[in-house]
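Spelled out from the first residue to the last, the chains are:
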Amino acid sequence: MDYFEVFGLPRRLGLDAAELQRKFYELSRRTHPDFHQTAPAEEQARVLETSARLNAAYRALRDPIARVEYLVRLEEGRDTKEGAAEKLPAPPALLAEMFEIQEALEEAKAGGLEASGGEALRARREELAARVRELEANLAGPLSVAWDRATPEARARLLAQFKDALATRAYLRTVIDDLGQALGEGQDGHVANRRH
Amino acid sequence: MAYSEKVVDHYNNPRNVGSFAKDTPGIGTGLVGAPECGDVMKLQIKVNLETGLIEDAKFKTFGCGSAIASSSLATEWLKGKTVDEAAKIKNTDIVNELKLPPVKIHCSVLAEDAIKAALTDYREKWASARAAADSK
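Read top to bottom, the protein sequences are chains A and B. As numbered in our numbering, residues 1 to 196 make up the first sequence, in order. As numbered in our numbering, residues 1001 to 1136 make up the second sequence, in order.
Just chain A, same shape as in the assembly (with noise of 0.2 Å):
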């Protein structure tokens, strides 16, 4: 059963938040673990999965991006744990300027991040910061509703386009991350510790 099937959706990106919620708490109530503290272990056991599935599939469904996150792992058949450790390939185009990014970034430390320099890279982190947005926007919106309208043949190429924006995303937030670091705001940023 995939997340959408835990809910008794439709395999679309465009979906009822409000519905979704609404689903959530009725299932919670019937899968809560604290309402089955006197069945049998072997039950125990099965409402704790279904209750841990249940979180996982809310937590994947309920966000629109990361709803395309899900579906395009789905799609490629990669709905499982590996699946989901399993990285999105850079896209080319957007190496070089990462490249060029943290040299920029590596210089301005070397020199010290006080005046000219450290503007500059603010600069270059709000026009990153507006690209992710953007990003996001398409990927909530326009591209969702095309998906949810297209043929098989024409669900490929967005699957692509899914790919490579869910990447870019990926990679521009990093990018961000180190920049805010390193102009010291945006310590708690979502891979401030990543690097081991």
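Please keep in mind that the hints were generated in silico from the structure rather than gathered at the bench. Ideal Cβ placement from N, Cα and C applies to all residues, glycine included.
The following label-pair restraints were derived from C-beta to C-beta distances:
id, chain 1, residue 1, chain 2, residue 2, range
1, A, 183, B, 1050, 45 to 51 Å
2, B, 1025, A, 92, 21 to 27 Å
3, A, 181, B, 1013, 23 to 29 Å
4, B, 1116, A, 62, 37 to 43 Å
Add chain B to chain A, keeping to what the hints say.
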């Protein structure tokens, strides 16, 4: 997480950091990256068009210690090899040499991808020049 001694050594004393002008004859450039961790790795080879041997290699990596060590090690291994020999370097060789833990294997994969990309770029740009040298 504890790094192996070899990773620390490459991290503290990275070999062959730098770059070549990418249009110089014999230069092959590979640029690869990993969106999730934000890493970018540039690896370049300098092939002697007379002998077909990789004379020099350079890299510049923005990323974690393992990514830096993997690419640093790769440039050491590339020197003195032919292009065909270089193509045989596998990420598992890097994993074994640096004793990378499972969570860092993707760094070695990135290094292998960078080698492959550099070799492809070299072949696309300079294969004909090399063939001309051989037929002399």
